[in-house]
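A.B. asks: Note that the protein sequences, when read in sequence, are chains E and B. Quick note: to get this note's numbering, add 871 to the position in the first sequence (first position is 1). Quick note: to get this note's numbering, add 871 to the position in the second sequence (first position is 1).
FYI, nobody ran anything at the bench for these hints, they're computed from the structure. Remember, predicted model here, so these are calculated numbers, not experimental data. Hints may be right or wrong, so weigh each one.
Unchecked claim - Distance ranges between label pairs, derived from CB positions:
id	chain 1	residue 1	chain 2	residue 2	range
1	B	S981	E	P883	23 to 33 Å
2	B	S1083	E	Y1105	50 to 60 Å
3	B	P1006	E	E1097	45 to 55 Å
4	E	Y1105	B	D1176	44 to 54 Å
Unchecked claim - Which chain E residues stay away from chain B? Per the calculated CB distances, all over 12 Å, these:
id	residue
5	T898
6	S911
7	E917
8	K1087
9	L1089
10	Q1107
11	K1110
12	P1187
Heads up, the beta-carbon is just placed ideally off N, CA and C, and yes, glycines get one too.
Here are the chains, one letter per residue:
Number of protein chains: 2
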Amino acid sequence: MRGTMKKGNSAPTMKDVAREAGVALGTVSKVVNGLPVGDSYRIRVENAIEKLNYQVNSYAQGLKSNRTYTVALLIPNTQDPFFASLAYHINRSLSKRKYRMLLCCTDYDSSQEQEYVKMAQQNKVDGIIGLTYNPNLVVVEDTPFVAIDRSMGPKIPCVASDNFAGGQLAAEKLADLGCKKVAFLRIGSSLNNEPNKRKAGFENGCLSRGLSYKMKILNDGDSYEEFETFLSSYIQDGKLAFDGIFCVTDSLAYCVIEMLRKLGQRVPEDVQVIGFDGIRHFGSMDYVCSTIVQPVVDLAELCVDLLLQENMLVKPPLICLPVSYGNGGTTLEPDKKTD
Amino acid sequence: MRGTMKKGNSAPTMKDVAREAGVALGTVSKVVNGLPVGDSYRIRVENAIEKLNYQVNSYAQGLKSNRTYTVALLIPNTQDPFFASLAYHINRSLSKRKYRMLLCCTDYDSSQEQEYVKMAQQNKVDGIIGLTYNPNLVVVEDTPFVAIDRSMGPKIPCVASDNFAGGQLAAEKLADLGCKKVAFLRIGSSLNNEPNKRKAGFENGCLSRGLSYKMKILNDGDSYEEFETFLSSYIQDGKLAFDGIFCVTDSLAYCVIEMLRKLGQRVPEDVQVIGFDGIRHFGSMDYVCSTIVQPVVDLAELCVDLLLQENMLVKPPLICLPVSYGNGGTTLEPDKKTD
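Here chain E stands alone, though its shape is the one from the complex (with noise of 0.2 Å):
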């Protein structure tokens, strides 16, 4: 049950391997340096490897080969279930290629931002993905760079879900569960970003289903508290005059469903609530809510493929992943719960 040690004070060198191998040393820095050599040669080499537990010096190697196989995620924390995801799936398809992931949690902070990518750089990885609120985040030509959720110019492709579509959707599905008046309630940063057109999609299919609708947009750094006050302003003789209500996000639909229960609001019985991002309970389970679920896994091996695809002539500007729809329990279907 306890971990075994194995001594490490007369590390084997190049030397100790060309000698067991019977080869040159040249041979055998072609091996260890992915070069073509012969076959029976390539063995005898890879064989003495084996057999001396050899390590090969990856700084070294990366001097040599100009590559780290080193990719840097640059991502505000991993404590939002929807960023944990991300970074979890991230790392399994770099992982699939043999790429090592250096994790940096951002904190939102724009000046870290800047530092990591500084960071990344002078560690030359092999490129960043970055999920930033840096408006002005200078990046430079020469390490590949893929953007999640943020177009930041021609040259820099943006991966992304189909927010507006996924917007257009959850107004549909309110209207097909039988809704009549609903609202969109927003609270986020105030980039311009692919997340927010999520309101613009939902306006969209409120027009195109004739659903009335209302609005209240806060900014980041906002009082949750307003959104309380709006929908109270909303509530007469005990009753809602919403009957959905879409929530940007997952986090603010769990929030927006307790405070409609502090109001006297049964969820789904009164309000339908559909929030977005496809959170589940401890990042396995049951959807949290109702919600439009990003497909996460494509979104990762999305942005591994772009940022390791070499020849690239034409990097597409921004590529956006459908989205689908998830029942957690907060809206009025049939069957309860599905996958």
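Once you have looked at the hints, place chain B on chain E.
C.D. replies: Same frame as chain E, now just chain B:
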């Protein structure tokens, strides 16, 4: 709102810095590698570095100084909220000390864990922090290693919450809250690790408080339905024989609370439930349930401290940090929720 670009086509070299500063190349090298030089020289070199925007090649630096300022974190994933929080706080703690962190998600896979240890050594990291499950994990003596939650031998410090005290606290809390007959439910790895002490602590607490108790222990891979069968067998005339339940994790408590509701039991009126970990909704909101809270920030700081501390003559084999109780509304406290 868009990122600006900086051309990187003629990156300045160390020679350019020496020329700009009017000093010898060796002086620049010393400053870059943190070796002592006269203050006036150091300032001239630092100014030249800033003016030319010279990027230190960390790989070359790593080769010379035999330091990489990089630590690998081995952890099953970042989707489990406890792991997510641990990864975030270890990242912050390393970042404060100007260290980078390689995130290595292992998916509980023994060979993945071993692969990552090997990779971490090849990349010459300064150390490894590992929350691993491979009972035969081979680590190398000259790479510092700090283990979380599992003792890996006398030379590897293990950091954990005081799990025994946590189990005991859960029993005492249930007794204080008026419970007379309680149950302990556990599912998890059968490895000999620190969290397994929760059971012994709970038993101890029950005995010292005269609480009657039953236990149901499942192993990883067993079906949660067995808990439902177990609980059902203790219901007579619609009434559960237990008035308190301690679950080994918040994640299990969450599932058990669902089961209890399905079985017609009200939480906390009929039966009070306490979990373990201190998981909050969306990482930052209320506790998911009443819980024994692990001191995640302190655990993270301590792991990093132990790992980076040099000349540590006596490595402590096991350090247990104190836990606390958090009210998450699944117990019958006077105030519904506290922080």
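A.B. asks: Each hint: holds or not?
C.D. replies: Verification of the hints:
1. S981/B - P883/E: 23 to 33 Å: 25 Å, holds
2. S1083/B - Y1105/E: 50 to 60 Å: With a Cβ separation near 52 Å, S1083/B and Y1105/E satisfy 50 to 60 Å, so the hint holds.
3. P1006/B - E1097/E: 45 to 55 Å: 53 Å, holds
4. Y1105/E - D1176/B: 44 to 54 Å: 53 Å, holds
5. T898: 20 Å, holds
6. S911: At roughly 25 Å from the nearest Cβ of chain B, S911/E sits farther out than 12 Å, so the non-interface label holds.
7. E917: Correct as stated: the minimum Cβ-Cβ distance to chain B is 15 Å, above 12 Å.
8. K1087: 20 Å, holds
9. L1089: Fine: 17 Å to the nearest Cβ keeps L1089/E off the interface.
10. Q1107: Q1107/E is indeed farther than 12 Å from all Cβ atoms of chain B, at 28 Å.
11. K1110: For K1110/E, whose nearest Cβ neighbour in chain B is about 26 Å away, the distance exceeds 12 Å, so it holds.
12. P1187: Non-interface label stands for P1187/E: nearest chain B Cβ at 16 Å, farther than 12 Å.
Going down the numbered hints, you'll see the structure goes against none, and every one checks out.
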